[in-house]
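Protein chains: 2
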Amino acid sequence: MRFTFTCHATDGHARTGVLSTPRGDIRTPAFMPVGTAATVKAMSIDQVKSTGADILLGNTYHLMLRPGGERLARLGGLHHFMGWDKPILTDSGGFQVWSLAGLRKMTEAGVEFRSHIDGSRHMLTPERSIELQADLIGSDIIMQLDECTTFGSSHEEALVSLELSARWGERSKVAFGGTRATQALFGIVQGSVFPDLRKRSADALKSIGFDGYAIGGLAVGEGHQLMCQTLDVTVPELPMDRPRYLMGVGKPIDLVEAVHRGVDMFDCVLPTRAGRHGQAWTWDGPINIRNARFAEDPDPIDPTSTCPASSRPSKAYLHHLFKAEEILGQTLLSWHNLGFYQDLMAAMRAAIAKGQFQDLRARLRQRWGFAPLD
Amino acid sequence: MRFTFTCHATDGHARTGVLSTPRGDIRTPAFMPVGTAATVKAMSIDQVKSTGADILLGNTYHLMLRPGGERLARLGGLHHFMGWDKPILTDSGGFQVWSLAGLRKMTEAGVEFRSHIDGSRHMLTPERSIELQADLIGSDIIMQLDECTTFGSSHEEALVSLELSARWGERSKVAFGGTRATQALFGIVQGSVFPDLRKRSADALKSIGFDGYAIGGLAVGEGHQLMCQTLDVTVPELPMDRPRYLMGVGKPIDLVEAVHRGVDMFDCVLPTRAGRHGQAWTWDGPINIRNARFAEDPDPIDPTSTCPASSRPSKAYLHHLFKAEEILGQTLLSWHNLGFYQDLMAAMRAAIAKGQFQDLRARLRQRWGFAPLD
Chain A
1 MRFTFTCHAT DGHARTGVLS TPRGDIRTPA FMPVGTAATV KAMSIDQVKS
51 TGADILLGNT YHLMLRPGGE RLARLGGLHH FMGWDKPILT DSGGFQVWSL
101 AGLRKMTEAG VEFRSHIDGS RHMLTPERSI ELQADLIGSD IIMQLDECTT
151 FGSSHEEALV SLELSARWGE RSKVAFGGTR ATQALFGIVQ GSVFPDLRKR
201 SADALKSIGF DGYAIGGLAV GEGHQLMCQT LDVTVPELPM DRPRYLMGVG
251 KPIDLVEAVH RGVDMFDCVL PTRAGRHGQA WTWDGPINIR NARFAEDPDP
301 IDPTSTCPAS SRPSKAYLHH LFKAEEILGQ TLLSWHNLGF YQDLMAAMRA
351 AIAKGQFQDL RARLRQRWGF APLD
Chain B
1 MRFTFTCHAT DGHARTGVLS TPRGDIRTPA FMPVGTAATV KAMSIDQVKS
51 TGADILLGNT YHLMLRPGGE RLARLGGLHH FMGWDKPILT DSGGFQVWSL
101 AGLRKMTEAG VEFRSHIDGS RHMLTPERSI ELQADLIGSD IIMQLDECTT
151 FGSSHEEALV SLELSARWGE RSKVAFGGTR ATQALFGIVQ GSVFPDLRKR
201 SADALKSIGF DGYAIGGLAV GEGHQLMCQT LDVTVPELPM DRPRYLMGVG
251 KPIDLVEAVH RGVDMFDCVL PTRAGRHGQA WTWDGPINIR NARFAEDPDP
301 IDPTSTCPAS SRPSKAYLHH LFKAEEILGQ TLLSWHNLGF YQDLMAAMRA
351 AIAKGQFQDL RARLRQRWGF APLD
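Chains as they are written, first to last, in the UniProt record's numbering: chain A, 1 to 374; chain B, 1 to 374.
In short, the hints are calculated from the structure, not lab data.
Just to be clear, a hint being listed does not mean it is correct.
Because identical chains share one entry, a pair is satisfied inside a single copy or across any pair of copies.
Listed next, the in silico BS3-like pairs over lysine-lysine satisfying Cα-Cα at most 25 angstroms (straight line) [to be verified]: (1) Lys49 <-> Lys315; (2) Lys41 <-> Lys315; (3) Lys323 <-> Lys41; (4) Lys315 <-> Lys86; (5) Lys173 <-> Lys206.
Isolated chain A, as found in the complex (with noise of 0.2 angstroms):
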C-alpha cells in the first residue's frame, strides 16, 4: 500500500502527523467537507480549495443513483468529475441507507432500498459497495459497508448488529483483495455506547486487519458527553499506527473533544447546512447572520482570517443577502465555516506539536460556554 500514516507528535493522546496518499498528504487532525452529490453544497470547487482541505468526502449512496456508478466510471471517477485532484474517501452507502426508514430491507447479504429519486430497487451488498467506491468512483479511502446500529438499541440488539457489520467487513475485505496499490480500506467500528461490545466490534476488525479504523454509530442522538465516554473507551482499542475516523461529527466542541482522545479524521454536514441557513461558526462561538443585530454591523466576522470569505463582507452585507434570499448568502457563509474549520484544525494541529492542546482546549471550552475541565 502506497497509503502511509507518519504521527509527527502526541500531547496526551492527542496526535498530528501526516497521512500520505498517491493523490496527497492530509494532515491530521483533518477535517473532510463533504461533496455529497459531487459538489460541496453552494460552493465552487475553487472555493473549496482555498479553505486548505486536504482531502473531500463523497456519498456513495448519491453518487450510485444519481450519476451513477457506471456511468462515472465512464465518464472518469468522482476527481475528474468534480474537479478535484486531491484525495477523496467514500462512505460505503450504508448510512444514507439505513436512514431510509421504511424503504430499506437488511439482510445477511446486503441491503434492499429504493431510491428516494425515482423509487427505483438497488441492492447494496459489501461487494458492491467495494465495486462501487474503488472501481467506479475511484475513491482513494473506501468504507467498508456496516450498518449503523440505531442509538437507544438493547446490548442484544447492538451484538447482532456490531457482528452482522464485522461480517461484511471481511466481505468488504475479500472484495477489495490486496492488489490495489493505490487505494485504502478503512473498517467500521459498531457497539452503540456498550464499552464490551465496543471492543468486541475492535477485535473482530483487527483480526481482520484495515488500513485505518473509523467510529462509526456515534452523532445519531446520544449527545456529547455520551460520545465523549464511548470514545473513551474506543479509541483505545484501536491500533496506534493506524488512522482513526470518527464518522459524520460534528460541531466545533465534538472535534475538539474527541482529538482531545486521540481522533485523527472527521467528516460532517454542519458546516455547510448550517452556512446554507444563516449560522456561522467564530472564535467567539456561533452567531445566526439573520438576527437584526448585524443589519448594520459594518465588520467582517473574522478580519484576521486567510478566508475572503471571513474577512472581506461585512457582516451587515451578510445579513442583507439572507433577507434577501440570495444565493450568494448561503455560498459566503458555507466558505466561512469551512474557512473556520480549517482553521480549527489547524490550531489544534499547532498546538499538539507545541505540547500546548491543553492550553488550547481549555480556552475554546471557555469561549464557547463548555464547563471547565477537571
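Given the structure of chain A, go ahead and fit chain B onto it with the hints provided.
Just chain B now, kept in the frame of chain A:
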C-alpha cells in the same frame, strides 16, 4: 466632469472606445452584468470580476427597499457593501416600479408605490431617485427617472408619456446639479416605436444636456425586428460624442445588431437568469444543459474560453448538477454566460477596431440561425 468618452474606431455605425471614469475605464461596446440586490445572482464578486466586466448595474428599486438607501449610505455605499471597486451604473427605480402594475400610481410629482416585500408605501420622485443613486447608493452613472412607455401604446399615449419623462429629465438634471465631479447623469429617450416621437424625445433631452443618452422602452414585447427598426431611427438622433446605452437588452443577437447601429452600452438579466435555469449561450447558439444528450458529454462548454466555468467542468457534470438541483450548477452557468457575454463584447470591440465588424456580424448571424444580411 471627470468622465470622458473617447471613440477609438468606427466601422459603419458601430464604434469602439473607452468611457473613462474616476473608478476605472469602461471599454465600449460594454455589457453590464446586473447586480439587482447588491449581488450578481448566484455569483461571488471575484467570479464576476474574472469575466472581465468593467461595470455593474445596480437596481435602485431593490436597494431602496432592502437594505434601504440611508442604511446603505451608513454602510459606506454600494461599492463598499458588495466589494466592487469598479464603476456602477444604477437605474432610477422607475422601470421596476412601473412593472408593479396595481401597486403604483403615477402623477406629475413622481410614482407612489407599495413595496413588494412588506406592502409599505414609498414615493419615488426624480429628486429622490437622484438622491438615492448619487448620495446614498453612491453610483457612478446615474439614470434620470422616466416612465417606460408600454408597448402597444397609441401615438398620443406615447407622446404624453415621453413628455412626462422629459420633464422628469429636466428635474433630474436640476437635482443632480453641476457640482458632481465624479458622477455622470444619463437621460433616457422614450417614444415607443414611433420615429417622430423618438426624435422629439431625443431633442428634448439634448436641449437639457446629459453626460450620456439611454434608449428606454425597448425589449418590452416589440420583438427583435421592431427593436432594430426603432434603433435605426433613434441612434442617429443622439449626440456622437456621448455614450449610448440600450437599457435591458438583450440576447446575443440583439447586442450584435444594436452595436451595428451604434449602441455603446447594454445591461440585461438574461445571462444570469437563463444560467440559473440551465441555459448556456455558446458561439454555436444556446443549449439547455438539462437535455439528456449532455448526460455523458465529457467536454466542457468551451475548452478555448478563459472562463473557468466554460473551460473546466464537463457538460455531463453541469447536467448532473442541474438534475440534482445543486446550487453550483446555477453558479457555473451564470458564470459561463457572463463570461460568454464579455467575450462577445470583446470580439465585437476587436472586430470594429480592425474594420471587420461586418464579417463578425454575418458569421454570428449565420451560426445563430438568423437570416443572412442583404
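Okay, the hints, checked on the actual structure:
no.: 1; hint: Lys49 <-> Lys315; in the structure: both (23 angstroms within a copy, 22 angstroms between copies)
no.: 2; hint: Lys41 <-> Lys315; in the structure: both (21 angstroms within a copy, 19 angstroms between copies)
no.: 3; hint: Lys323 <-> Lys41; in the structure: both (20 angstroms within a copy, 14 angstroms between copies)
no.: 4; hint: Lys315 <-> Lys86; in the structure: between (32 angstroms within a copy, 22 angstroms between copies)
no.: 5; hint: Lys173 <-> Lys206; in the structure: within (12 angstroms within a copy, 82 angstroms between copies)
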